Amino acid sequence: MATGRVIVVTSGKGGVGKTTTTANLGMALATMGEKVALIDADIGLRNLDLILGLENRIVYDIVDVVEKRCKLRQALIKDKRMPNLVLLPAAQTRDKSAVTPEQMKELIADLQSDGFGFILIDCPAGIEQGFRNATAGATEAVIVTNPEVSAVRDADRIVGLLEAAELRNPSLIVNRLRPHLVKNETMMSVEDVQEILNIKLLGIVPDDEAIINSSNRGEPVSLHEAAKSGQAYRNIARRLRGEDVPFLQFDEGGLMGRLRRFLTGVR
Amino acid sequence: MFKRQRKAPRSVTVEHAPDEALSVPALSEPAVESGPAVGAEPAVEPVVVAAVAEVVAAAEQATSLLRLKGWRGGLLLHLDADAPWDDVLAALYDKLDAVRDFWAGATCTLDLGMRAGCPDGLGLLPAQLEERYGLTVVAVAAAHPEVREAIGVAGLEALAELEPAVVRSEPEVPSPPVPKYVKGTVRSGQVLEADGHLIIMGDVNAGAELRAGGDIMVFGTLRGMAHAGAAGERGAVIVALNLRPTQLRIADLIARAPDGGQPPLSKHPERAEVRGQEIHILSM
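So the protein sequences, as listed, match chains A and S.
Counting in the working numbering, the first sequence runs from 342 upward without gaps.
Counting in the working numbering, the second sequence runs from 17 upward without gaps.
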């Protein structure tokens with residue numbers, strides 16, 4: 342029987358970085374030699390292809406597959422950098438009702454039998470049919486949230502819904518953390534978020550201008566050695582594979598930060 | 017990927033002149049007849065049709081003994097059913113003689129209408145028209161059976177009556193699908209389809225899709241996907257003032273935008289067409 346792991350990346354709230362996270366984790370896992378399939382379940386508002394820089398290669402999409410206009414293999418877009426990473430794009434001209442949870446399960450089973458070790462599903466925002474489709478075939482869930490009350494509230498709602506859908510033990514990625522705002526107590530800390538959600542922390546990704554640039558250029562930031570956020574995503578990918586990787590420490594960079602740390606004695 | 021050609025050599029431009037001479041009717045009011053288009057093969061040369069129209073107009077004014085119309089890609093000669101046959105014949109020859117060389121190679125149908133009894137010389141008329149004017153009679157319409165019998169002997173198609181709808185119509189040219197004209201921005205997720213040509217007065221954004229059986233013209237920036245000749249017509253073209261598509265498709269061929277950004281904007285409108293097995297982009 343197929344053993345590929347099926348992980349849905351979800352959040353409830355929109356704009357917290359689900360798609361960016363899916364793209365970067367997929368890319369990072371692929372660079373580590375995993376055979377990875379990414380599914381864009383955000384039918385009608387597809388973005389994952391853009392973040393991966395694969396938009397111009399789309400000929401068939403997930404709706405074409407479930408409506409049997411093409412074979413699954415034909416719709417899978419091989420990444421231009423990583424041959425072991427494929428994308429199943431969403432349809433842009435349809436809506437969430439074009440796919441049913443049963444069809445998603447079938448599709449995922451087909452991907453598993455094709456030997457994909459990781460199948461990541463980019464879930465749309467919301468808790469309606471798109472969410473139900475995206476979670477239908479998943480066996481694990483990663484919840485992405487930002488350190489702000491509204492995102493955490495929605496993430497909490499999602500944890501509850503996932504439990505109801507028998508998707509237990511989701512793990513958490515706190516995205517867009519701004520360490521200096523946490524330090525002066527204007528932003529929720531990772532500990533604050535965890536205290537509310539009380540689920541396993543998978544990773545912390547700092548707010549990083551490099552992500553804006555890389556998203557616009559279709560080059561996932563996890564490909565960039567230097568970017569702190571890219572390092573964070575690579576670490577999360579390693580943890581997904583079962584490695585024990587310590588969490589990144591976000592110190593203020595630059596001369597002033599180091600000077601302040603030196604003067605105040607804070608590490 | 018797209019093959020962009022800065023400027024087509026003159027000879028190439030001439031070679032592809034037919035593609036450029038697109039017959040697109042007035043944008044605001046798509047007309048039913050859009051001139052010669054893919055698949056539509058007028059049986060009569062357009063020039064002849066125009067000339068016939070003039071002659072027809074003159075004939076209708078001149079006499080009621082005789083009326084000429086275009087029909088079935090040829091002529092329809094209505095011969096008055098009540099007037100003496102000799103008068104009708106005289107009027108016919110008179111009319112045809114006026115532009116004697118004009119008729120060569122054309123076909124015609126004679127309409128005798130309600131005329132009773134078989135007029136003398138009817139059997140000879142087709143041969144005479146052929147000989148004098150090069151005008152070939154292909155059918156004769158007559159309401160009375162004995163007239164039709166006489167024609168049957170002469171080896172021509174005999175019709176009891178002309179279909180009323182057809183009689184009224186102009187030369188029958190199968191009309192291509194009406195071009196579809198859309199004004200405004202076509203946005204992501206929107207799909208516009210047309211059986212024939214598709215004309216957009218506005219931008220087509222990334223994520224939008226255009227599909228047409230014929231050509232696609234975008235009077236604006238094309239950023240989305242456009243599929244011309246969707247039913248397999250490789251002669252179809254895609255034209256845009258600014259051609260920045262995610263993907264272009266013509267018939268069964270697909271081309272995608274180059275990775276790493278589009279080349280600088282062309283100062284001129286650009287046209288995508290099939291050359292060999294590839295989609296090429298040419299400056300216009």
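Accuracy of the hints is not assured; some may be wrong.
[To be verified] Pair by pair, the computed Cβ-Cβ distance ranges are:
| # | chain 1 | residue 1 | chain 2 | residue 2 | range |
| --- | --- | --- | --- | --- | --- |
| 1 | A | Ile468 | S | Arg203 | 56 to 62 Å |
| 2 | A | Glu566 | S | His284 | 26 to 32 Å |
| 3 | A | Arg558 | S | Pro285 | 26 to 32 Å |
[As the list claims (entries may be wrong)] Residues from chain S that face chain A, not an exhaustive set, calculated with beta carbons under 8 Å:
| # | residue |
| --- | --- |
| 4 | Pro161 |
| 5 | Arg164 |
| 6 | Ser204 |
| 7 | Leu208 |
| 8 | Gly223 |
| 9 | Ala267 |
| 10 | Ile270 |
| 11 | Asp275 |
| 12 | His284 |
The hints are simulated quantities; they were obtained by calculation from the structure and are not laboratory data.
Note that the structure is predicted; figures quoted are calculated from it, not measured.
No residue lacks a Cβ here, since even glycine has one placed at the ideal position from N, Cα and C.
Hint check:
About 26 Å separates the C-beta atoms of isoleucine 468(A) and arginine 203(S), a value inconsistent with the hinted range of 56 to 62 Å. A hinted range of 26 to 32 Å for the beta carbons of glutamate 566(A) and histidine 284(S) is inconsistent with their spacing of about 43 Å. Between arginine 558(A) and proline 285(S) the CB atoms are about 28 Å apart, so this pair conforms to the stated range of 26 to 32 Å. Proximity of proline 161(S) to chain A is violated relative to the hint, the smallest CB-CB distance being about 58 Å (cut-off 8 Å).
At its closest, the beta carbon of arginine 164(S) sits 55 Å from a beta carbon of chain A; the interface hint therefore is violated under the 8 Å criterion. Using the Cβ-Cβ criterion of 8 Å, the hint placing serine 204(S) at the interface with chain A is satisfied: the shortest such distance is roughly 6 Å. Hint status for leucine 208(S): violated, given a least beta-carbon distance of 10 Å to chain A, over 8 Å. Satisfaction of the interface hint for glycine 223(S) is found here, the shortest Cβ-Cβ separation to chain A being roughly 5 Å, below the 8 Å cut-off.
Checking alanine 267(S) against chain A: minimum C-beta separation of about 14 Å lies over 8 Å; hint violated. For isoleucine 270(S), the shortest C-beta to C-beta distance to chain A is roughly 6 Å, which falls under 8 Å, so the interface hint holds. Given hint, aspartate 275(S) at the interface with chain A, holds; its Cβ is 7 Å from that chain's nearest Cβ, closer than 8 Å. Look at histidine 284(S): its Cβ only gets to about 23 Å from chain A, farther than 8 Å, so that hint breaks.
Taken one by one, the earlier hints fail for this structure at numbers 1, 2, 4, 5, 7, 9 and 12, listed in ascending order.
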